[in-house]
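Participant: These are the residues of each chain, in order.
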Amino acid sequence: MNSLRTVSRVALRARPTRSLFAATRTYADAAGPGDKIRLSLTLPHQTIYKASDVIQVNIPAESGDMGILASHVPSIEQLRPGVMEVIEEGAGSKSFFLSGGFAIVQPDSQLSINAVEAYPLEDFSIEAIRAQLIEANKIANGSGSERDIAEAAIEIEVLEALQAAVR
Amino acid sequence: MVAAWKTAGLTYNTYLAIAARVVRRSLKEQPRLAAERRGQMQLKFAKWEGGKQGEMKNIAAEQVQ
Numbered sequence: 001m002n003s004l005r006t007v008s009r010v011a012l013r014a015r016p017t018r019s020l021f022a023a024t025r026t027y028a029d030a031a032g033p034g035d036k037i038r039l040s041l042t043l044p045h046q047t048i049y050k051a052s053d054v055i056q057v058n059i060p061a062e063s064g065d066m067g068i069l070a071s072h073v074p075s076i077e078q079l080r081p082g083v084m085e086v087i088e089e090g091a092g093s094k095s096f097f098l099s100g101g102f103a104i105v106q107p108d109s110q111l112s113i114n115a116v117e118a119y120p121l122e123d124f125s126i127e128a129i130r131a132q133l134i135e136a137n138k139i140a141n142g143s144g145s146e147r148d149i150a151e152a153a154i155e156i157e158v159l160e161a162l163q164a165a166v167r
Numbered sequence: 001m002v003a004a005w006k007t008a009g010l011t012y013n014t015y016l017a018i019a020a021r022v023v024r025r026s027l028k029e030q031p032r033l034a035a036e037r038r039g040q041m042q043l044k045f046a047k048w049e050g051g052k053q054g055e056m057k058n059i060a061a062e063q064v065q
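So the protein sequences, as listed, match chains H and Z.
Residues in the first sequence are numbered consecutively from 1, following my numbering.
Residues in the second sequence are numbered consecutively from 1, following my numbering.
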C-alpha cells in the first residue's frame, strides 16, 4: 500500500516534466494548424496574401495544374499564365489570373507564390482580350522578324488562357 | 521540350515581361490605367568609346544584348 502511494506520487511529480516536453516547439507547430497551408502571394508591387492560412491552393504549373494542400511535398514549380484558385475556410474561393512566375512549397506547409501580375478575374475586359487576340494572330501569321513572331506567340498563349478564364 | 520563345532567342525575363504586359492591357479601364503607369520604365544608357560618350538611348526601345 505504502509503496503504491510512492509510485503514484512519483507519477504526479513526473507529469510536469512530461508536459514541458510537449510544449517544445517543432517545425510542424510553427507552421500553424496542421490541416492548413500558409500562403504568401507576392507581386513586385503588392502583397495579396501574407502568410494566410488557407485550405487549398490550385496553381497552373508548367507541368500541369496542381492542387496544393497542407503537408505537400516540397517542390518548386514554374507557373504558366493561368488561373490560380485559393480555397479559404468559410470564405469560399478566390480566383486570380497570374501572368507567370514561380510557386515554392516549403517543407513546413508554407507556399510562396511569386508572379509579375495577378488580378481577380472580374478585373478583365473580354473586349480588350478579343481585340488583342486578333492583333496578335495577325502578327504571328505575318512576315515579321522571328522575334516579333515569338512575342506574338507568347501574347496568344496568355490571351487564350485569359479568354478561357474570363466569361 | 524547349519553349518556342527560347528558340527565338528570348530570355525568360523577356518572356515574363511580355506576358505581364498583355495581362495589364487586358484589364478593364480603371485598373488598367493604374497598372500601365506602373509598367512604365525610363532608363537611358550610352556607350562610351575612346573616352567619348556615345548616343543616349532609351533602354526600353533597344534590344538587350
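Treat the hints as calculated values from the structure; they're not laboratory data.
Quick caveat: nothing in here was measured; it's all calculated off a predicted structure.
No residue lacks a Cβ here, since even glycine has one placed at the ideal position from N, Cα and C.
Any given hint might turn out to be false.
What the hints assert, rightly or not - Chain Z side only, calculated, beta carbon under 8 Å to chain H, not exhaustive: (1) Val2; (2) Trp5; (3) Leu10; (4) Ile18; (5) Ala34; (6) Arg38.
Participant: Each of the hints needs a verdict: does it hold here or not?
Facilitator: Structure-based check of each hint:
no.	hint	verdict
1	Val2	violated (12 Å)
2	Trp5	holds (5 Å)
3	Leu10	holds (6 Å)
4	Ile18	holds (5 Å)
5	Ala34	violated (10 Å)
6	Arg38	holds (6 Å)
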